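J.: Just need the whole structure built from these sequences, with the hints factored in.
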Amino acid sequence: MARRRLDLTFPPRQATKAITYHLVRDFDLVPNILRAQIQPAQEGRMLLELTGSAEQFEAGVAFLRAEGIGVREAASDICLDDERCVVCGLCTAVCRPGALTLAEGTAELVFDKDKCVYCEACVVACPRRAVTLRF
Amino acid sequence: MTKSWEEINARIASGEAVVMTAEEFAVLAAEDGVSAAARTVDVVTTGTFGPMCSSGVFLNFGHSDPPIKMASITLNDVPASGGLAAVDTYLGATEPSVTRGIEYGGAHVIEDLLRGRAVRLKATGPGTDCYPRTEIDTYVTLEDLNQAYLFNPRNCYQNYAVAVNSGDRALYTYLGTLLPRFANATYSSAGALSPLLNDPTYRAIGVGTRCFVAGAPGYVAWEGTQHNPNQERDENGVPVGPAGTLAFIADLKQASHEFFSAATFERYGVSAFVGIGIPIPVLDEDLAATLALTDADLSATVFDYGVQRRSRPALGRVTYAELRSGQIEIEGRPIPTGPISSLPVARRIAAELKRWITEHRFTLNPPLQPLPQPGSQGVKPLEIRSEEAI
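Respectively, the protein sequence lines represent chains E and U.
Take 1 as the starting number for the first sequence in the numbering used here and just add one per residue.
Take 1 as the starting number for the second sequence in the numbering used here and just add one per residue.
What the hints contain is simulated information worked out from the structure, not anything from laboratory work.
These numbers come from a predicted model, not from an experiment.
Be a bit skeptical, because a hint or two may be false.
To be verified - Label-pair restraints from in silico Cβ distances: (1) E:Ile33 - U:Ala183: 16 to 24 Å; (2) E:Met1 - U:Ala118: 54 to 62 Å; (3) U:Asp168 - E:His22: 32 to 40 Å; (4) U:Glu258 - E:Cys119: 28 to 36 Å; (5) U:Ala10 - E:Arg134: 32 to 40 Å; (6) U:Ala118 - E:Pro12: 40 to 48 Å; (7) E:Cys79 - U:Ala351: 44 to 52 Å.
Note that the Cβ used here is the ideal one computed from N, Cα and C, for glycine as well.
T.: Have a look at this one:
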């Protein structure tokens, strides 16, 4: 089983098609939509986590591409600006999945990307505006 | 064992003083005992870097030609006081911008000045015989100003509340976002490194204490506003909730943006992270005993901010070691914690102050006047009265 995060770009004409339904039914993939901005007649974006076998994952991605959807691995979507960050730790207080924590002892900020669900609670909570979401 | 201020200053001046941060001192005291540590060490340095709303700067702009008596003043669209002499002002850290609201405020103007950036000064005045100009629109930098000094009426709280929220909706507070139904707890103290937790009865810290203020050498100017020495104390005499406070003065031109950082708290307002470090002389074993206290020995009281009144219900007491572990337990339920005061920067401040003392021979001032002591004044509430009731 593999779990991968994809950053999908939907061309305007595609934005209403039931993509996740096909990923489940045709490829036995488990989708988890972490973030989405999809509106009719506009380019859409979706941050999608897919869990399934490596084979089915590749097939699913091929299906998405055939449908005209831009597919790339989600990269560093949450950006921490070290220049602005004062390591107060307030972001860790609102991070329910525990992706942002303070290291034991040093109290330095640690970000575990795999745990992040892109809820943006840290973006809003950061008093230094040091956290941004690239999407 | 006792040491006098004069002996300690003589050792600093000759470069022989043994200086440790409060964390280093606690380790030594645990290994060798408090008595031995007290004999070995002359000065213990402390540090804290948290949001301190009651901060601001006095500025003097110099006179334009023809001159103006500034009555209405903004700096980068943030209003400053027009209630002083012609070209003097006070800019408060929490003042929001008239154009950008709480995303940019007085603290951001101060940080921009510290970063060497030009700030737009706009003012209007009534026009008088001696100050005929009625309008001005120009740019100033920190270097241009005649005087620029921080005067912070309340910094460096001796302990603080731990905040939780029993309600059904998130609360946006000066202690950050409090998630509903006890989903998190926030706290704001440097714990074992905090200046006033290391000198709980204000023996070494008083009016005139030389210290580290936002990266500049500064002074304790007075007791801070809402100074409350009568807060409940534990068996070590250390307050278990918000207690003493300090007012500080320091030259902004010698301060650094590394130790004064503007902050915006969502749906609350503007504030500033201010770095304060105070050196404490190891005068005797009693003082050494409190200097040796660790996060496991220091407690804070948990308050329910879900009750939006002046007196919020207290739900128990937790130690700073528990808070720093990332989870506390209140009434049987585990609650994740997060700080709002930076421990890494507090450590840097304590280390920097130690360097000032050992390398720059930064000597200590005994208090010119003590702070109000336990048993004296408390904090009075504001009652809402009608004219008839006066």
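J.: Take the hints in turn and mark each one as holding or not.
T.: Hints, one by one, checked against the model:
1. E:Ile33 - U:Ala183: 16 to 24 Å: holds (23 Å)
2. E:Met1 - U:Ala118: 54 to 62 Å: holds (57 Å)
3. U:Asp168 - E:His22: 32 to 40 Å: holds (39 Å)
4. U:Glu258 - E:Cys119: 28 to 36 Å: Taking Cβ atoms as reference, glutamate 258 of chain U and cysteine 119 of chain E lie about 31 Å apart, which means the hint holds.
5. U:Ala10 - E:Arg134: 32 to 40 Å: violated (58 Å)
6. U:Ala118 - E:Pro12: 40 to 48 Å: The hint (40 to 48 Å, Cβ to Cβ) holds, given that alanine 118 of chain U and proline 12 of chain E are roughly 44 Å apart.
7. E:Cys79 - U:Ala351: 44 to 52 Å: At 29 Å between Cβs, range violated.
Checked against the numbered hints above, the structure violates hints 5, 7; every other hint is satisfied.
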